[in-house]
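J.: Sequence:
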Amino acid sequence: MTDAGASTAAYAFTAALMGCGSPNQPAFSMESLLKSEISELSPKAVANTEESTICSVCCDEASGRHYGVVACFGCKGFFRRTVRAGKSYICRYDQKCRIDKAGRNVCRSCRYQKCLDVGMEPDAIRPDRDKTGRQKNPRRNGTHLINSFDPVVMKKLSSSSMITDLPCVTKRDDSDENPTSPSSCAESAPAIDIRPCPYDEILTTLREIEQICLQLRDVAPVSPIVLPTLVNCVHRPSLITPRSQMIFDGSNGTASLATINENVRRMIVLVFDYANTLKPIADILPEEKIALVRNCITPFSLLMLSFYSSKSDCDEIFLPSGHTLGSDLSIIASVFKDDKRHHLLNSKVEIARRAFADQVVHQLRKLHVSETEFLAIKAIMALDPNVKGLSVKSSGQLLVGRESVQNALFSHLMIRHDASEATARFGHLLLLIASLAKISTMLIGLLQFSKDVSISVDPLIDELLLKDY
Numbered sequence: 002m003t004d005a006g007a008s009t010a011a012y013a014f015t016a017a018l019m020g021c022g023s024p025n026q027p028a029f030s031m032e033s034l035l036k037s038e039i040s041e042l043s044p045k046a047v048a049n050t051e052e053s054t055i056c057s058v059c060c061d062e063a064s065g066r067h068y069g070v071v072a073c074f075g076c077k078g079f080f081r082r083t084v085r086a087g088k089s090y091i092c093r094y095d096q097k098c099r100i101d102k103a104g105r106n107v108c109r110s111c112r113y114q115k116c117l118d119v120g121m122e123p124d125a126i127r128p129d130r131d132k133t134g135r136q137k138n139p140r141r142n143g144t145h146l147i148n149s150f151d152p153v154v155m156k157k158l159s160s161s162s163m164i165t166d167l168p169c170v171t172k173r174d175d176s177d178e179n180p181t182s183p184s185s186c187a188e189s190a191p192a193i194d195i196r197p198c199p200y201d202e203i204l205t206t207l208r209e210i211e212q213i214c215l216q217l218r219d220v221a222p223v224s225p226i227v228l229p230t231l232v233n234c235v236h237r238p239s240l241i242t243p244r245s246q247m248i249f250d251g252s253n254g255t256a257s258l259a260t261i262n263e264n265v266r267r268m269i270v271l272v273f274d275y276a277n278t279l280k281p282i283a284d285i286l287p288e289e290k291i292a293l294v295r296n297c298i299t300p301f302s303l304l305m306l307s308f309y310s311s312k313s314d315c316d317e318i319f320l321p322s323g324h325t326l327g328s329d330l331s332i333i334a335s336v337f338k339d340d341k342r343h344h345l346l347n348s349k350v351e352i353a354r355r356a357f358a359d360q361v362v363h364q365l366r367k368l369h370v371s372e373t374e375f376l377a378i379k380a381i382m383a384l385d386p387n388v389k390g391l392s393v394k395s396s397g398q399l400l401v402g403r404e405s406v407q408n409a410l411f412s413h414l415m416i417r418h419d420a421s422e423a424t425a426r427f428g429h430l431l432l433l434i435a436s437l438a439k440i441s442t443m444l445i446g447l448l449q450f451s452k453d454v455s456i457s458v459d460p461l462i463d464e465l466l467l468k469d470y
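Okay, so the sequence shown: first residue is 2 according to the numbering used here, each after it adds one.
Calculated from the structure, these hints are not laboratory results.
Here the structure is a predicted model, which means the values were calculated and not measured.
Each hint should be verified, as a subset may be incorrect.
The calculated lysine to any residue pairs, modelled on SDA-like cross-linking and capped at a C-alpha distance of 20 Å, are [to be verified]:
no.: 1; residue 1: 341; residue 2: 454
no.: 2; residue 1: 439; residue 2: 354
no.: 3; residue 1: 349; residue 2: 452
no.: 4; residue 1: 349; residue 2: 359
no.: 5; residue 1: 367; residue 2: 456
no.: 6; residue 1: 439; residue 2: 462
no.: 7; residue 1: 439; residue 2: 237
no.: 8; residue 1: 312; residue 2: 254
no.: 9; residue 1: 452; residue 2: 312
no.: 10; residue 1: 280; residue 2: 381
no.: 11; residue 1: 349; residue 2: 428
no.: 12; residue 1: 439; residue 2: 342
no.: 13; residue 1: 367; residue 2: 316
no.: 14; residue 1: 280; residue 2: 385
no.: 15; residue 1: 439; residue 2: 385
no.: 16; residue 1: 349; residue 2: 280
no.: 17; residue 1: 439; residue 2: 428
no.: 18; residue 1: 367; residue 2: 417
no.: 19; residue 1: 341; residue 2: 439
no.: 20; residue 1: 394; residue 2: 462
no.: 21; residue 1: 389; residue 2: 456
no.: 22; residue 1: 468; residue 2: 227
no.: 23; residue 1: 280; residue 2: 390
no.: 24; residue 1: 349; residue 2: 257
no.: 25; residue 1: 280; residue 2: 236
no.: 26; residue 1: 341; residue 2: 449
no.: 27; residue 1: 349; residue 2: 447
no.: 28; residue 1: 280; residue 2: 348
no.: 29; residue 1: 468; residue 2: 448
no.: 30; residue 1: 439; residue 2: 356
no.: 31; residue 1: 88; residue 2: 118
no.: 32; residue 1: 349; residue 2: 448
no.: 33; residue 1: 341; residue 2: 351
Distance ranges between label pairs, derived from CB positions [claimed, not checked]:
no.: 34; residue 1: 122; residue 2: 439; range: 52 to 62 Å
no.: 35; residue 1: 372; residue 2: 432; range: 11 to 21 Å
no.: 36; residue 1: 224; residue 2: 258; range: 19 to 29 Å
Glycine is no exception: its CB is placed at the ideal position from the N, C-alpha and C atoms.
Given these sequences and hints, build the entire structure.
T.: Right under this line is the structure:
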């Protein structure tokens with residue numbers, strides 16, 4: 002991919018991924034993202050409130066009046082991009098999606114329709130502005146704003162030439178309309194805004210996605226299926242197991258084998274929910290999505306367990322049900338009549354457990370990995386462009402997505418650490434992915450060994466992890 006092509010693709014990914022703000026509300030279900038039949042306040046009433054500081058479209062904090070209504074920067078940019086590109090979106094839920102701060106990225110069709118409903122005017126988009134929304138011939142550039150930044154921050158940014166090569170980091174707006182040459186990118190560089198940088202918006206969106214996935218609940222009882230088809234799992238993850246609350250606090254004691262199996266299924270649901278929420282994975286074909294889930298489900302789950310376990314000083318591994326996977330492996334003995342097989346499997350489990358504790362949990366604890374870093378690592382693992390079964394187009398989109406998140410993570414580190422420290426930390430974080438992949442291979446081998454010695458393996462786990470082993 003050429004530099005210009007990578008620049009264009011990275012901008013497009015950033016525009017598709019990013020959103021402003023972070024949800025801070027009670028748990029909600031997928032159905033709660035659908036708008037209610039009767040609104041307490043009509044859209045036009047909100048739009049006509051001159052002194053309102055709330056976005057008329059998504060109810061986030063407004064930045065001012067844009068295209069005739071009070072709106073936030075995110076909805077302003079979304080509306081402008083849609084109108085300029087002449088895009089047409091299709092809703093999968095009969096135009097019933099609720100557009101608010103947490104769910105505004107769920108459906109573009111309903112978001113655009115709400116922009117129109119509250120009074121945004123397509124004709125108000127001025128032709129004398131370039132594709133990023135800036136005036137083509139501004140009266141003054143933003144050089145004075147550069148000078149107002151903390152000199153320490155500017156020194157950190159300028160200390161790495163890598164930053165200047167990241168269009169998704171240097172671009173100030175969330176537009177998916179892009180400069181097509183390095184010169185056009187350079188011309189737009191001086192216009193710096195005080196809004197969050199795009200890399201911050203990428204990381205903010207990852208936090209938003211995490212909140213959505215963790216807070217999803219099933220509004221009606223779901224009857225899980227022992228072996229649902231994987232395509233059905235993509236469309237209805239709750240067929241695997243209900244979306245119970247994930248607490249990771251160890252308050253419920255040591256888990257039994259049945260509880261461990263239920264926790265594994267709950268993690269599978271979470272991975273499917275994540276794949277259905279994170280772009281560009283959410284937009285690819287179900288078969289490709291299944292291939293990605295197969296590839297990342299084990300390291301993804303291990304990262305979740307290790308991150309929450311690393312917050313504790315004890316050696317137990319915390320499970321999402323509130324149980325722990327203790328160091329006592331006597332529960333394995335209950336499935337054996339053959340002591341030899343019992344000791345062999347027990348030995349293999351202990352080796353995998355110690356490797357997981359030493360190479361992953363201990364490293365997370367040593368590095369004091371933050372939630373932002375954790376979420377970025379998780380997205381980088383999921384956005385794997387090298388998975389077998391992906392089309393060339395999907396692979397390219399995932400590559401751009403992965404590089405955009407990596408760039409955002411690196412820029413995040415550069416702001417908070419010296420250049421050498423940021424580079425070293427970035428390397429350590431990426432090495433965690435290699436460690437997770439190694440432990441994942443050990444666990445899959447352990448599952449296959451269990452199957453070989455006639456221990457029953459959950460059919461869904463067998464289908465997802467052992468089919469091509």
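J.: It remains to establish, for every hint, whether it holds in the given structure.
T.: Here is how each hint holds up against the structure:
1. Between residue 341 and residue 454 the alpha-carbon distance is near 11 Å, which keeps this suggested pair within the 20 Å criterion.
2. For the hint pairing residue 439 with residue 354, the CA-to-CA distance comes to about 12 Å; that is within 20 Å, so the pair holds.
3. This hinted pair checks out: residue 349 and residue 452 have alpha carbons roughly 14 Å apart, not beyond 20 Å.
4. Distance restraint check for residue 349 and residue 359: the Cα-Cα separation of roughly 15 Å lies within the 20 Å cut-off, and the hinted pair is therefore satisfied.
5. In summary, the hint linking residue 367 to residue 456 is not supported, as the alpha carbons are separated by about 36 Å, beyond the 20 Å threshold.
6. This hinted pair checks out: residue 439 and residue 462 have alpha carbons roughly 19 Å apart, not beyond 20 Å.
7. In summary, the hint linking residue 439 to residue 237 is not supported, as the alpha carbons are separated by about 30 Å, beyond the 20 Å threshold.
8. Note on residue 312 and residue 254: the hinted pairing holds, with a Cα-Cα distance of about 17 Å set against a maximum of 20 Å.
9. As the CA atoms of residue 452 and residue 312 are separated by approximately 33 Å, the hinted pair breaks the 20 Å bound.
10. Annotation: proposed proximity of residue 280 to residue 381 holds, straight-line Cα distance about 12 Å (limit 20 Å).
11. Distance check on the hinted pair: residue 349 and residue 428 sit about 30 Å apart at the alpha-carbon level, beyond 20 Å; violated.
12. Taking the CA atoms of residue 439 and residue 342, the gap is near 24 Å; set against the 20 Å cutoff, the hint is violated.
13. As the CA atoms of residue 367 and residue 316 are separated by approximately 14 Å, the hinted pair is consistent with the 20 Å bound.
14. Distance hint between residue 280 and residue 385 is fulfilled; the C-alpha atoms sit about 13 Å from each other, no more than 20 Å.
15. A distance of roughly 16 Å separates the Cα atoms of residue 439 and residue 385; the hinted pair therefore holds under the 20 Å criterion.
16. Taken as a hint, the residue 349 and residue 280 pair is broken in the structure, with Cα atoms around 38 Å apart against an allowance of 20 Å.
17. A threshold of 20 Å between alpha carbons decides the hint, and for residue 439 with residue 428 the separation of about 17 Å falls inside it, so the pair holds.
18. Pair hint residue 367 plus residue 417 holds up; C-alpha atoms about 18 Å apart against a cutoff of 20 Å.
19. For the given pair, residue 341 sits about 27 Å from residue 439 by alpha-carbon distance, which is inconsistent with the 20 Å threshold.
20. Of the supplied pair hints, the one linking residue 394 and residue 462 is violated, its CA atoms being roughly 29 Å apart against a limit of 20 Å.
21. Restraint check for residue 389 and residue 456: not satisfied, since their Cα atoms lie roughly 29 Å apart, outside the 20 Å limit.
22. Distance check on the hinted pair: residue 468 and residue 227 sit about 16 Å apart at the alpha-carbon level, within 20 Å; holds.
23. Of the pairs offered as hints, the one joining residue 280 and residue 390 holds, with about 18 Å between alpha carbons and a cut-off of 20 Å not exceeded.
24. Simply put, residue 349 and residue 257 have alpha-carbon atoms about 19 Å apart, close enough for the 20 Å limit, and the pair holds.
25. Distance check on the hinted pair: residue 280 and residue 236 sit about 16 Å apart at the alpha-carbon level, within 20 Å; holds.
26. Restraint check: the Cα-Cα separation between residue 341 and residue 449 comes to about 17 Å, which is no more than 20 Å; the hinted pair holds.
27. Among the hinted pairs, residue 349 with residue 447 is consistent with the structure: their alpha-carbon atoms are about 7 Å apart, no more than 20 Å.
28. At most 20 Å may separate the alpha-carbon atoms for a hinted pair to count; residue 280 and residue 348 exceed this at roughly 41 Å.
29. The suggested pairing of residue 468 with residue 448 holds, with an alpha-carbon distance near 12 Å, which does not exceed 20 Å.
30. Annotation: proposed proximity of residue 439 to residue 356 holds, straight-line Cα distance about 9 Å (limit 20 Å).
31. For the hint linking residue 88 to residue 118, the alpha-carbon distance of about 17 Å falls within 20 Å, and the restraint holds.
32. For a cut-off of 20 Å, the pair hint linking residue 349 to residue 448 stands: about 10 Å separates their Cα positions.
33. Taken as a hint, the residue 341 and residue 351 pair is honoured in the structure, with Cα atoms around 15 Å apart against an allowance of 20 Å.
34. Between residue 122 and residue 439 the C-beta distance comes to about 56 Å, which sits within the given range of 52 to 62 Å.
35. The hinted window of 11 to 21 Å between residue 372 and residue 432 holds, with their beta carbons roughly 19 Å apart.
36. For residue 224 paired with residue 258, a C-beta distance near 22 Å keeps the hint of 19 to 29 Å intact.
Hint violations for this structure: numbers 5, 7, 9, 11, 12, 16, 19, 20, 21 and 28, all remaining hints satisfied.
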